[in-house]
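A.B. asks: Protein sequence lines, in the order shown, are assigned to chains A and B.
Note that my numbering numbers the first sequence so that position 241 is 241, with each residue one more than the last.
Offset between the second sequence (1-based) and my numbering: plus 328.
Don't read these hints as lab results, they were simulated from the structure.
Keep in mind that the hints are not guaranteed to be accurate.
What the hints assert, rightly or not - Restricting the straight-line Cα-Cα distance to at most 20 Å, the calculated cross-link-like pairs of lysine to aspartate or glutamate (DMTMM-like) are:
| id | chain 1 | residue 1 | chain 2 | residue 2 |
| --- | --- | --- | --- | --- |
| 1 | B | 535 | B | 553 |
| 2 | A | 243 | A | 298 |
| 3 | A | 282 | B | 439 |
| 4 | B | 610 | A | 298 |
| 5 | B | 571 | B | 518 |
| 6 | B | 571 | B | 644 |
As the list claims (entries may be wrong) - Label-pair restraints from in silico Cβ distances:
| id | chain 1 | residue 1 | chain 2 | residue 2 | range |
| --- | --- | --- | --- | --- | --- |
| 7 | B | 497 | A | 214 | 23 to 33 Å |
| 8 | A | 70 | B | 357 | 54 to 64 Å |
| 9 | B | 497 | A | 70 | 35 to 45 Å |
| 10 | B | 567 | A | 238 | 45 to 55 Å |
| 11 | A | 320 | B | 606 | 56 to 66 Å |
| 12 | A | 144 | B | 609 | 24 to 34 Å |
| 13 | A | 144 | B | 422 | 29 to 39 Å |
Quantities reported herein were computed from a predicted structural model and do not represent experimental measurements.
Yeah, the Cβ is synthetic: ideal placement off N, Cα and C, and Gly gets one too.
Protein chains: 2
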Amino acid sequence: MNYSQMKVLITGGLGLIGSNLAHRLVELGARVTLLDGLLPGHGGNLWNIRAIKPALTLHLGDMRDQATLETCIPGQDLVFNLAGQGGHLDSMLDPLTDLELNVRAHLELLESCRRLNPAVRLVFSSTRQVHGIPRYLPLNESHPIQPIDINGIHKATGEYYHRLYHSAYGMPVTILRLTNTYGAGMRIVDARQSFLGYWVRLLLEGKPLPIFGDGRQVRDFNHVDDCVEALLRAGSNPLAIGKIYLLGGCEVVSLLDLASSMARLVPGGGYALVPFPVENKKIDIGSCCNDFGNIKSDLDWEPCITLANGLRRTVDYYAEHFAHYVSV
Amino acid sequence: MNYSQMKVLITGGLGLIGSNLAHRLVELGARVTLLDGLLPGHGGNLWNIRAIKPALTLHLGDMRDQATLETCIPGQDLVFNLAGQGGHLDSMLDPLTDLELNVRAHLELLESCRRLNPAVRLVFSSTRQVHGIPRYLPLNESHPIQPIDINGIHKATGEYYHRLYHSAYGMPVTILRLTNTYGAGMRIVDARQSFLGYWVRLLLEGKPLPIFGDGRQVRDFNHVDDCVEALLRAGSNPLAIGKIYLLGGCEVVSLLDLASSMARLVPGGGYALVPFPVENKKIDIGSCCNDFGNIKSDLDWEPCITLANGLRRTVDYYAEHFAHYVSV
Numbered sequence: 001m002n003y004s005q006m007k008v009l010i011t012g013g014l015g016l017i018g019s020n021l022a023h024r025l026v027e028l029g030a031r032v033t034l035l036d037g038l039l040p041g042h043g044g045n046l047w048n049i050r051a052i053k054p055a056l057t058l059h060l061g062d063m064r065d066q067a068t069l070e071t072c073i074p075g076q077d078l079v080f081n082l083a084g085q086g087g088h089l090d091s092m093l094d095p096l097t098d099l100e101l102n103v104r105a106h107l108e109l110l111e112s113c114r115r116l117n118p119a120v121r122l123v124f125s126s127t128r129q130v131h132g133i134p135r136y137l138p139l140n141e142s143h144p145i146q147p148i149d150i151n152g153i154h155k156a157t158g159e160y161y162h163r164l165y166h167s168a169y170g171m172p173v174t175i176l177r178l179t180n181t182y183g184a185g186m187r188i189v190d191a192r193q194s195f196l197g198y199w200v201r202l203l204l205e206g207k208p209l210p211i212f213g214d215g216r217q218v219r220d221f222n223h224v225d226d227c228v229e230a231l232l233r234a235g236s237n238p239l240a241i242g243k244i245y246l247l248g249g250c251e252v253v254s255l256l257d258l259a260s261s262m263a264r265l266v267p268g269g270g271y272a273l274v275p276f277p278v279e280n281k282k283i284d285i286g287s288c289c290n291d292f293g294n295i296k297s298d299l300d301w302e303p304c305i306t307l308a309n310g311l312r313r314t315v316d317y318y319a320e321h322f323a324h325y326v327s328v
Numbered sequence: 329m330n331y332s333q334m335k336v337l338i339t340g341g342l343g344l345i346g347s348n349l350a351h352r353l354v355e356l357g358a359r360v361t362l363l364d365g366l367l368p369g370h371g372g373n374l375w376n377i378r379a380i381k382p383a384l385t386l387h388l389g390d391m392r393d394q395a396t397l398e399t400c401i402p403g404q405d406l407v408f409n410l411a412g413q414g415g416h417l418d419s420m421l422d423p424l425t426d427l428e429l430n431v432r433a434h435l436e437l438l439e440s441c442r443r444l445n446p447a448v449r450l451v452f453s454s455t456r457q458v459h460g461i462p463r464y465l466p467l468n469e470s471h472p473i474q475p476i477d478i479n480g481i482h483k484a485t486g487e488y489y490h491r492l493y494h495s496a497y498g499m500p501v502t503i504l505r506l507t508n509t510y511g512a513g514m515r516i517v518d519a520r521q522s523f524l525g526y527w528v529r530l531l532l533e534g535k536p537l538p539i540f541g542d543g544r545q546v547r548d549f550n551h552v553d554d555c556v557e558a559l560l561r562a563g564s565n566p567l568a569i570g571k572i573y574l575l576g577g578c579e580v581v582s583l584l585d586l587a588s589s590m591a592r593l594v595p596g597g598g599y600a601l602v603p604f605p606v607e608n609k610k611i612d613i614g615s616c617c618n619d620f621g622n623i624k625s626d627l628d629w630e631p632c633i634t635l636a637n638g639l640r641r642t643v644d645y646y647a648e649h650f651a652h653y654v655s656v
């Protein structure tokens, strides 16, 4: 992976994944530009880049804005296209905003790349949610696309766009389908983007972690450092061009076990089973975990950070920086 | 099929399929409302309803407009949601307009139905194009969704929306994936929506029919009367709720054979092989034909009108009404 002097744009650069990726790219000597709209409630946080701000170019702007794209796209070698609206329930409550942020913005970005910089390398962050309720586990990339919420539909549409700009225009695109990603830099105000983020907040406030239903549904998780490593490999290996890869976690755990592990990280931590809210149940995918065999085979990537280690680091981070994440 | 006194809205009601469906519904005693934006170049034509205009309510308006939807949706028993942008090449040249017409408009419609009339029966016209380049023939509904142009992506997104409003909100939805539909009422000005329409024009102007490539690619076709029959059955049979059905033609023919048959319909008719335009080739799906076994089994539908008969009737119609279709 030679990122030295490479010109790299990260859309959604102030969020959990974008900001952690930016740290690694700055370390690797890349010339990094972040584009972020800092839309309230969407996870962008300037505190995430406090240590590297002088070492990069920050562009606060909207990806749907032509002038912004005309400033940011030309001259880049690589775009990590991570911007988006991540909330599933939010997408059902306000589908038109989700359409704007997860569909139109990406079509505008791709059209700008095609016009202004057609050779630019693109890595798009999608989600395993495009597969909907799994017909089999672990999920793999061949599983049908059958999203069951607006957000999943729109992320699938974003994927199809990226695949099309590869097939029709030859643009060098890679798609990663992420699983639940967590770590220092995520939004913890509420559960809109990540229930795990909200659990960190509740834990640090001495409140019990609410588990919907019986808690037996299983999930896998990626610490953000593992996710960033996958992005870096995808962006630098020609084998990844034109490919779609599912990421997956080291462990598959039930939400009950996850809550129990997290509760033990803080004195007095606890959890509680609560009835599944009807609006959440409508779009719940049940149990899910991913087969990451294809990215392991092509890019030699696998998750390395155990949940125990990753959660410990995450909770420690928010214990120190709590105020910077609950006031935004 | 009892459509008598049923309140039926047809979006895209002035196009080929909508207007022919309107004729049948008026005959069946339904209370028909047409919604059409008459957007230039998209196929809506007032001439299509000249004979039934007094028997229906015509609403000229945009499906993206809230006030329009609030006028049209309440009180309907059934919506045939046929509106859209049908041009594949157009969708590549102007993807953002295709997004507006094939995605946002349908999300607005579904949201309005959910809010104002959640029990309304919905039938959505999709396309076999959502399957992209077939991995096997004939296509069936289980074939992967892998669109290869913007239009196919957006129609797939529209399908996912309709499926979601069924799964999450229990709305009674049916999706038909149409194949090439032709007949009296289609746009013939150019090949933007249907090459077959344009061929009718060229034929009547004494010009040769251009065949891209070697003409060996095969397709199937539905005369609009067969398509309308499928819509009527889908809208009236409870078995169809929550289902997706592919339509298909009586015959599978090569474009060369099709051109040759059409050329014989008019004295002096001819055709010519021309090089495949590069922009068309990029999004060409090659050969395609559909297995309509599922709709035959559930709704006892099958195509009845042979190409020879359907093309004859179509060419006769345009010979008589030519001026009303080339001036719009």
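A.B. asks: Taking the hints in turn, state whether each one holds.
C.D. replies: Cross-check of the supplied hints:
no. : hint                      : result
1   : B:535 / B:553             : violated (28 Å)
2   : A:243 / A:298             : holds (10 Å)
3   : A:282 / B:439             : holds (16 Å)
4   : B:610 / A:298             : violated (28 Å)
5   : B:571 / B:518             : violated (34 Å)
6   : B:571 / B:644             : violated (36 Å)
7   : B:497 / A:214: 23 to 33 Å : holds (25 Å)
8   : A:70 / B:357: 54 to 64 Å  : holds (57 Å)
9   : B:497 / A:70: 35 to 45 Å  : holds (40 Å)
10  : B:567 / A:238: 45 to 55 Å : holds (50 Å)
11  : A:320 / B:606: 56 to 66 Å : holds (58 Å)
12  : A:144 / B:609: 24 to 34 Å : holds (28 Å)
13  : A:144 / B:422: 29 to 39 Å : holds (30 Å)
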